[in-house]
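J.: These are the residues of each chain, in order.
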Amino acid sequence: MNQIADILATMEYGPAPESSEHVRAWLTRHADGFGHFIGGAFVAPQDGGQFDVFNPADGSLLGRVALGGAADADAAVAAARAAFPAWSALPGEVRARHLYALARHVQKRERFLAVLETMNNGKPIRESRDIDIPLVARHFYHHAGWAALAATEFAGWRAIGVCGQIIPWNFPLMMLAWKIAPALAAGNTVVLKPASLTPLSALAFAEICAEAGLPPGVVNIVTGPGALGSTLCRHPGIDKIAFTGSTAVGRELRRITAGSGKKLSLELGGKSPFIVFEDADLDSAVEGVVDAIWFNQGQVCCAGSRLLVQEGVAPALYDKLRARMATLRVGDPLDKAIDIGAIASPGQLDTIHRYVEIGRRESAQCWQAPGTLPNTGSYFPPTLFTDVEPASTIAQEEIFGPVLAAMTFRTPDEAVALANNTRYGLAASVWSENINLCLEAAARLKAGVVWVNCTNMFDAASGFGGYRESGFGREGGREGMLEYLTPAWTPRAKLSDQHATINAAPARHPARSDATLDRTAKQFIGGKQVRPDSGYSYSVLDVDGNSVGQAGLGNRKDIRNAVEAAHKAQGWSSMSGHARAQVLYFVAENLGARSADFVGRLCRMTGAPAEAAEAEVAAALSRIIHYAAVADKFDGRVHHTKARHVTLAMPEPWGVMGISCPDDAPLLGFVSLVLPAIALGNRVVATPSPAHPLAATDFYQVLETSDVPAGVVNIVTGERDALAKVLAEHDDVAAHWYVGSASGSAAVELASAGNLKATWVNNGRAIDWFAPGEGQGEVYLHRATQIKNIWIPYGE
Amino acid sequence: MDTLVQGRQNARPRNDGIPLALDLLRGAAVNLSAVERRVASLPGRRTVKKEWQAAWLVKALQLIDLTTLAGDDTPGRVHRLCAKARRPLRADLLDALGLAAAPPHVAAVCVYPAMVTPAVHALAGSGIPVASVAAGFPAGQTKLAPRLEEIRLAVADGAAEIDIVISRTHVLTQDWRALHDEVRAMRAACGEAHLKAILATGDLRTLRNVHMASMVAMMAGADFIKTSTGKEDVNATLPVSLVMLRAIRDYAALTGIKVGFKPAGGLRTTKDALNWLILVKEELGRDWLEPDLLRLGASGLLGDIERQLEHFVTGRYAAASHHALA
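Top line first, the protein sequences correspond to chains A and B.
Take the first sequence: its position 512, counted from the start at 1, is 512 in our numbering, and no numbers get skipped.
If you count the second sequence from 1, you need to add 1000 to reach our numbering.
Please note: incorrect hints may appear among the correct ones.
What the hints assert, rightly or not - DEER-style ranges, computed between Cβ atoms: (1) 796(A) with 1315(B): 45 to 51 angstroms; (2) 1152(B) with 6(A): 56 to 62 angstroms; (3) 387(A) with 1286(B): 41 to 47 angstroms; (4) 1192(B) with 279(A): 37 to 43 angstroms; (5) 1022(B) with 368(A): 53 to 59 angstroms; (6) 1286(B) with 361(A): 46 to 52 angstroms; (7) 10(A) with 1192(B): 30 to 36 angstroms; (8) 6(A) with 1019(B): 50 to 56 angstroms; (9) 1286(B) with 375(A): 24 to 30 angstroms; (10) 411(A) with 1026(B): 16 to 22 angstroms; (11) 1177(B) with 576(A): 35 to 41 angstroms; (12) 1019(B) with 411(A): 42 to 48 angstroms; (13) 60(A) with 1026(B): 54 to 60 angstroms; (14) 1075(B) with 6(A): 37 to 43 angstroms.
FYI, nobody ran anything at the bench for these hints, they're computed from the structure.
Note that beta-carbon positions come from the ideal geometry of N, C-alpha and C, so glycine has one too.
Between the sequences and the hints, there should be enough to build the whole structure, so can you do that?
T.: As structure tokens, then:
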């Protein structure tokens, strides 16, 4: 036993293996392979295929799972569809009991699930045991609560139907929980496809669903390759797709689902900044970096992979960081004292190697902690690149590995500029002891989650999700529930796909001559009335085909100019809600003063009877007043996450939005869409009804006389779908609302895949602009904003 | 191994201190929540099992400043403590652990000044130093002259280490010059005896105060910085310890001098001891896991270590009555 004396000399930690006995017994029991979980039971794949699942820590085979195809997807969707009516009709409290049972069962199986997760994914047992699985249970508990409260908290909303959910391999069970818990709480049923690398914990969860007595068909789990995910996205029996994964695949799913009417939420990649100001607690910031980029081997969509350090403290921080890296232990993920486990697959390991080679070639300084890696399995050492430039590949591309790219900045402005210099916008971490600096940075960062003096904090009560090409939609909290609900009034009848023909030739039928001076409707861009770039105008006809005037035939350059003007009007977004409200009340005042003109215009243009036109103008007037009232009242929230944390949920305007307006109710439709957008701080490029554009062009005179700053509302007349396409393709437009034909809706969704802008389209279905709750209301406010969650721990 | 440790004990170069450098304090940035997260996650990140755990517990034993600081201390009580300090483990356990050839003993015995003489007698020939609290322990609210005299008398009686208390007033009023002067004067009064500066962190309240007081005490020449007297409302905690360890690291980076650390008060279980050892190893490295740079101020801890080691050896849970009282 002189081993004790030897250890006394070295004071090494020694091995601390977590037992895998129970999981191995389970795998042995399933040695013949797992089926799909459909309709409450495991069923063999219809074509009998299976594929292998491995342990990345040593490359060993763990089991065989069903290779799902179209027939399996059909069966799963059918089971979910069959279960939906009863499940969605259950009292919320009964659904809550089921979710509570799932939470309890997850807790009772916590170590089993943690060991299984680590064996399949390669993450350290410390993380699966202390972070992943507790968050899984937490998510089900939290959403048991939402199920109980849904009827009152989400009055006016209803479940969507069958949800197709596709999750990644980096947090297999946690992502499952983030998908399934809110879907079920809201009354939906689901078909979930786990990642092909890591399906095992989902299959264990399927057994838990059965064990916990969840009604058959409410949760269905199908395993298979990526193509099975695409199959689900194309499936006509699915009403909503939720995806977490790479931006490239997210873009593909956006294209696949375009025009299908499916609701879509995407949680995609990131290149999140980790900003260290010179007055930060540097030692704590170093620990933050460890949690940011060496958590889960850096295979985290919100990993703080870009370290931005204020120049004066960069050498000190890098020294501390390198010293800390030397104490990170890489090795067997089932060892309880391991910090960095295995990369999830040999393929991902190759990707990481490739990026590190590129980093070296692009002459950044690479530093890796000394030490050896296990001989078998997929491992990569923690890696720090310094002297990285914003133009470097490793500063731009998501590596999804334990590789940190560091660069310096001089001023807070530069820090924010560098941080926002990315196509992504998932998360950001800000370190400073100065609350002024922290909160200003948090406000200016384009990211869905901002962690102040912390990083990678998650809680079911807080939303999580990205800006820009990191996707749209939130998971967690109230904002996450809305992704699984739809306004109770949707959908209505389909509109005709036909639209007014627009021609720039002089009209065959003359305008009625009433001896008034000719009026010229122009494009309204940057606060100026400008002639259309094309030099073409088209005749606006009344119901009898008589010309009632001309409107500019807008083209892509008008849109380009309008978007530029809207970007310049940034001041509108940073104004106080009160200041915006005053402007909007003034708009109402000026519309009121001219309501007779608008009534006359509507009557002549649309042939509407006078009472109908009067009603539309009156409704438009009250709509403006409504949104003026809302402008300073659409508050954020403080979420209940962890003790001694303020977790803010702040609705922020998208910035620049495109709005394609409908033909029916040409004034009210326009006002109903433009007003909520600008009330909450967006600047818009709106294309009015092509058939009846003149109410909107008259409206710009109201805007001009009401102190609406130049560029806040830009109006481009012309063909709806042609202009919508330019807007939807525009990379510097953050969101697009489209109300028009089904084919136009599909085209907008398809084109939006470019920069993954958030879209809201009517799928060719009519909207009753006069109906309370439908033409106006909360859903417009949610759609006009995205939630930024800001985590602020406190305490001295 | 044990002789090596003994040879190194108190043999490190002294910390001569540096002039007060206020610019090193101005940036004192300590984020409470982040510090708490670090210490909260650490027990999940590191653990020692089986032989490694046994060895780490023997190490913890070797780091103990076995302490009695009570109004009812007597020479008899101190003798009993010193006997335990010399032979903390039962012979059968020593045999089983393979340590009979060089039995481990605790790092020091820590007593009030009046008990230094009996302690020195009781430990004669053991190589175990006597540490004395002094300088107005525990509150430090007496005038500097008698505090310095108390130090000199304890050293004259044979104390090799003096655990002084700082004037918390100087920290709470941010009078760093006064604190530096005070500790410097105490360091001079210690002569050859090593100085451990008790910061009484429970009185300092904020982690930034702890960080700044740590830095000033080291600048003034403290050989060790120590968390607590054991008499404050809150004694050694992991967050406070983390801040002090980071200050030690910064001071070493600045001066090249390694200053020791002593958590005291509140360490009662082997789990506590392992947590502190892991924290120290992670933050400062292997060098600090020796008695010349790390002490655990405790009285009850030893008993728990004995029981755990017996469990390791026999596989049975142990009874306290099977181990000699301290």
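J.: Please list, smallest to largest, the hint numbers that this structure does not respect.
T.: As far as the earlier hints go, 2, 3, 5, 6, 8, 11 and 12 are violated by this structure, in ascending order.
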